[in-house]
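Put together the whole structure using the sequences plus the hints.
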Amino acid sequence: MSPSSETAHGQRLVIVESPAKAKTIKGYLGPGYIVEASVGHIRDLPSTAAEVPDKYTGEVRRLGVDVDHDFAPIYVVNADKKSQVSKLKSLLAESDELFLATDEDREGEAIAWHLQQVLKPKVPVHRMVFHEITKTAIQEAVANPRELNQRLVDAQETRRILDRLYGFEVSPVLWKKVMPKLSAGRVQSVATRLVVERERERMAFRTASYWDLVGTFGTGRTPADAANPETFGARLASVDGKRIASGRDFGSDGRLKAGSTNTLHLDEQAARQLAAALAQTAFSVRSVESKPYRRSPYAPFRTTTLQQEASRKLGFGAKRTMQVAQKLYENGFITYMRTDSTTLSDTAIAAARAQVTQLYGADYLPDAPRTYASKVKNAQEAHEAVRPSGDRFRTPAETGLSGDDFRLYELIWMRTVASQMKDAVGQSVTVRVGGASADGRDVEFSASGKIITFHGFLKAYVEGADDPNAELDDRERRLPQVAQGDPLAADRITPEGHATKPPARYTEASLVKELEDREIGRPSTYASIIDTIIQRRYVFKKGTALVPSFLSFAVVNLLEKHFGRLVDYDFTAKMEDDLDRIAAGEAQSVPWLKRFYFGEGEGAAGAAAEAGNGDGDHLGGLKELVTDLGAIDAREISSFRISEDITLRVGRYGPYVERASAVEGEPGQRADIPDELPPDELTVELAEELLAKPSGDFELGPDPVTGNMLVAKDGRYGPYVTEILPEGTPKTGKNAVKPRTASLFKTMSLDTVTLEDALRLLSLPRVVGTDAEGAEITAQNGRYGPYLKRGTDSRSLTSEDQLFTITLEEALAIYAQPKQRGRAAAAPPLKELGTDPVSERPVVVKDGRFGPYVTDGETNATLRKDDDVETITPERGYELLAEKRARGPVKKAAKKAPAKKAAAKKTTTTKTAATKTAAKKTAAKKTTTAKTATAKKTATKKAAAGKTAAGKAAATDEG
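Number 454 in UniProt numbering belongs to position 454 of the sequence shown; there are no gaps in the numbering.
Keep in mind the hints are simulated off the structure, nothing from the lab.
Just so you know, nobody snuck in bad clues.
Below 25 Å or equal to it, Euclidean Cα-Cα: the simulated BS3-like pairs (lysine-lysine) are:
1. 623 / 594
2. 313 / 327
3. 26 / 122
4. 542 / 313
5. 135 / 327
6. 81 / 327
7. 831 / 789
8. 831 / 734
9. 55 / 82
10. 831 / 731
11. 81 / 319
12. 422 / 291
13. 87 / 26
14. 23 / 89
15. 746 / 846
16. 135 / 23
17. 884 / 176
18. 26 / 82
19. 327 / 26
20. 313 / 541
21. 713 / 731
22. 181 / 623
23. 122 / 81
24. 574 / 594
25. 789 / 846
26. 884 / 831
27. 181 / 884
28. 561 / 176
29. 181 / 561
30. 81 / 26
Simulated restraints, written as ranges between beta carbons of each label pair:
31. 449 / 497: 24 to 32 Å
32. 268 / 216: 16 to 24 Å
33. 465 / 70: 47 to 55 Å
34. 542 / 478: 36 to 44 Å
35. 808 / 689: 49 to 57 Å
36. 644 / 590: 53 to 61 Å
37. 736 / 53: 39 to 47 Å
38. 727 / 763: 21 to 29 Å
39. 842 / 644: 33 to 41 Å
40. 731 / 775: 32 to 40 Å
Heads up, the beta-carbon is just placed ideally off N, CA and C, and yes, glycines get one too.
What follows is the structure in structure tokens.
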């Protein structure tokens, strides 16, 4: 629909996704247009059960999708977007036309559809699309709108529902069998598996050593200049016709591969003997082979190649690259950065060719424009490649950009210009040098060279490489001018040793390439996928390498053994094909989702199993896979054999190694593993070393008052002292006794702590004295340092030693001083309970206005009548927080207008009527409440994790 002439002069509301984009576009449209941002999605599937409308119960409430009624999604307006939606509605009410100008891809189309559904416009609606934010592009987009593409919307919705079902069904299995608050996702789980498999290869790898010789040969001529050398290096290629073994000839087991019968493996002794035997050998040129060298330009950037090059050249992670590119796009410097396309428009080709001529000369411009076909299967976006925007490219110096913005723009600009330049040409030469050793062996050395006679596009841009040792395209190696039969003198023959290396770990760049090569997921989501697996602690970075954690080994182990199809690479790629078929209108969403979830007939889940992928246990769908978890042994899943008697286990609080005791019934050895130890470095020797270390438990001596043994320990959260209670001391119930515990001061260490130190630490909190009004002042040590406490008024101390030395007079002097302006310092906690398994934040007990409560900094839960600050356990604290999260935020009652005094009688009547109405409503609701109570209770418990890991998985894993 084109904008109608009747409303051409009315007010037009243009909705984009980001405020930055809105500001830029507003400058191009001028008066008569209001440009406002939706700030991304305004509604989505609910992230918690508390967000689901009350009319939904059971599975619908848990999943946010009605799987029994054609997988109807339950959409809710995001809590943080309600005010923005109200603003958009207000602006729309004053407008004559609505332009939905979100990004031109599936996600953008879906956002536009959601806006239309929520705003319910009564004025003409247009879908406005553009791939660059320039004045010309924006004005053309306004003049040539189109209809919403419902097929793209359906495809995005199917993908969103699929990822929700995957995340919400599989993640709880990980919570139960591995660790709370883990997440599974359609693409993130496969990406994690790739990283884990590479680490397994490294762990199974056995190094092989091999040797060869390097010779320096000379022609005997005096070099004319430095550019034309008369000496060159060559490497030993063969001895008596047998090829010298190199790294590629060895397998991961450290042995020569099968079929290497004509390969000679030199060890150090043999290499040195051969070098000595060649000391007096006369060498000559046996052959010179020369052939033309030609290298064509690289295609312009698409999303994934931009991420890879930014990683290699700029050191950017995928997330950082996309953030900078988004900013460049929104400010009108580059075209849309989420694209599978390598195509350039005629306008862009003309702009690039003009700059080639201007900057490098006509000699570097090919006769005809270069075109590039996309190599990406099912490329879905109709965009161009990522390039500088406009019909004339600004050079980096002309942009006024700086920092990361400048560097990324320069990279994109250089790549685009280079793509329209001539090939690099030259000559590549191979020289073979031969001779006979003193003991009669025939040897041959080989040297390769490359001369670039015309650099072409290499003048503008040279692509990086994932291998830091790889030679780049512009590297020249010049050899002397020699001919067959020419004599050569060996200036030096040197033995050189080598060792094979395990497969390199993935970097962000190489993982992006691997996912794209396997056709897994969508390129536009790779940045968020990699960010997710890092945030979930499945992977950590060591330099640029992605290293899997021990936790990820347990997760992948479970998924491979019990959900094999879901992490099968071919199955995941096939799902992507199916989703593309839905987008193309070649398949229907609902039947496909039914086959995936319920396993009806032939379909997504069944096809992979038939092909022998995954566990192949049945052709059932996802629902059946997650129903029976009895066969999953949680301990077995998280256990990995290191040696005959040492096992690695992934526990709730981290990985550790253990050795069972040789005596039945006695405790074995156990040692924590450093959090960031790469798995391939956990050798048997290191495990033995960890187990041999003192456990950190040192008996300091008995308490002279209680007689209980005092012990110093090294815990996961630092060293501390505690007491060992006598056997039979009740640990639970009303009479439970908790051992006294205190953290060591920062100035103390386990090696030097004494019994006297422990007694002093356990004596805290210390009563300093009372003030004039009888209020007690105590000195206490907390998570945030030492402090004084008087009632609810706390004051920080400057050192831990003051806890024992501060006098009442000094304490009163501190309290006599006014508190600092601004927000008062938070009162120190009454008790520390540990780390909440859901939020992964420290949980403490605090004293609040309405009594003591537990908090993890995000959620607060008041202690119940039966709860006592001194005896409350960490588990009870976590339970209270989970219950509070399940209830959701407290809804504030609307403020009532104050009643007028003159209407006192009427007010009473009104109150009575209101009471009767409320009673009626309560009665009417009782039946419904009774019916849904059980379902709600179940749903609430499952939603106790608040913004659950499953929800986050589904939100970030949308490919």
